[in-house]
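Enquirer: As a plain string of letters, each chain reads:
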Amino acid sequence: MPEVNFTIDIQTGEMEMKVEGIKGSQCADVAKIVTELIGIPEREENTSEYYERSNVRPQIHNKKKV
Amino acid sequence: MSKYLTFTDVVFKDRDLLVTALEDIGCSQIRQGENLEMGSYYSEQSKQKVAIVIPRNSIGNRYGDIGFERAESGDYIPIIDDFDRSRALNGRFITQLRTAYNERVVKRVAARLCGTIHRTVEGGVVKIKVRY
Numbered sequence: 041m042p043e044v045n046f047t048i049d050i051q052t053g054e055m056e057m058k059v060e061g062i063k064g065s066q067c068a069d070v071a072k073i074v075t076e077l078i079g080i081p082e083r084e085e086n087t088s089e090y091y092e093r094s095n096v097r098p099q100i101h102n103k104k105k106v
Numbered sequence: 010m011s012k013y014l015t016f017t018d019v020v021f022k023d024r025d026l027l028v029t030a031l032e033d034i035g036c037s038q039i040r041q042g043e044n045l046e047m048g049s050y051y052s053e054q055s056k057q058k059v060a061i062v063i064p065r066n067s068i069g070n071r072y073g074d075i076g077f078e079r080a081e082s083g084d085y086i087p088i089i090d091d092f093d094r095s096r097a098l099n100g101r102f103i104t105q106l107r108t109a110y111n112e113r114v115v116k117r118v119a120a121r122l123c124g125t126i127h128r129t130v131e132g133g134v135v136k137i138k139v140r141y
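Residue numbers (our numbering), protein chains in the order written: chain A, 41 to 106; chain B, 10 to 141.
Because the hints were derived from the structure by calculation, they are not lab data.
Each hint should be verified, as a subset may be incorrect.
[Said to hold, decoys possible] Partial list, computed: chain A residues near chain B (C-beta under 8 Å):
hint : residue
1    : Phe46
2    : Ile48
3    : Ile50
4    : Gly79
5    : Ile80
Backbone N, C-alpha and C define an ideal beta-carbon position, used for all residues, glycine too.
Based on the provided sequences and hints, a complete structural model is requested.
Expert: Below is the structure:
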């Protein structure tokens, strides 16, 4: 099950977010929702899952070929 | 010297979440509108036009109102008197507001993802897990 882990430092109010269990660029979609509300993050790193192919990607490739 | 300071490095992008976060940290009197004038209680406090006003003496801000200016980008930028920085919510106004705002952001994200929230507090850190 995909999950998003947030940590908020009470001393500074700063927040960190980590998306887990989502392969491919779909995790960027989740990040987009957050950046709409908090702005551009100070630091951004893609996890190894980002570079894995998601289950829905092949369907998109098929559509492009048609 | 008492004067209004604008915190350009602290911005809030969503007005509804900002107002809710202000309520969360105890701001019960919130004025909203466009081009609202912040009170000028000392000669050094320059006139400020803002979109949201927390009136003087609401949360320990003895020296002036607290305002939120709407920037051209649409972001809301806090304005607070220099002396009130260390007085409003015992000097923790900005950090408490950021924490409350970010918690509201997480709730909005969870709602958008139709997810469930699991929240814990450990050693000064709020940990929130959203599963969907």
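Enquirer: Tell me, which hint numbers fail for this structure?
Expert: 5
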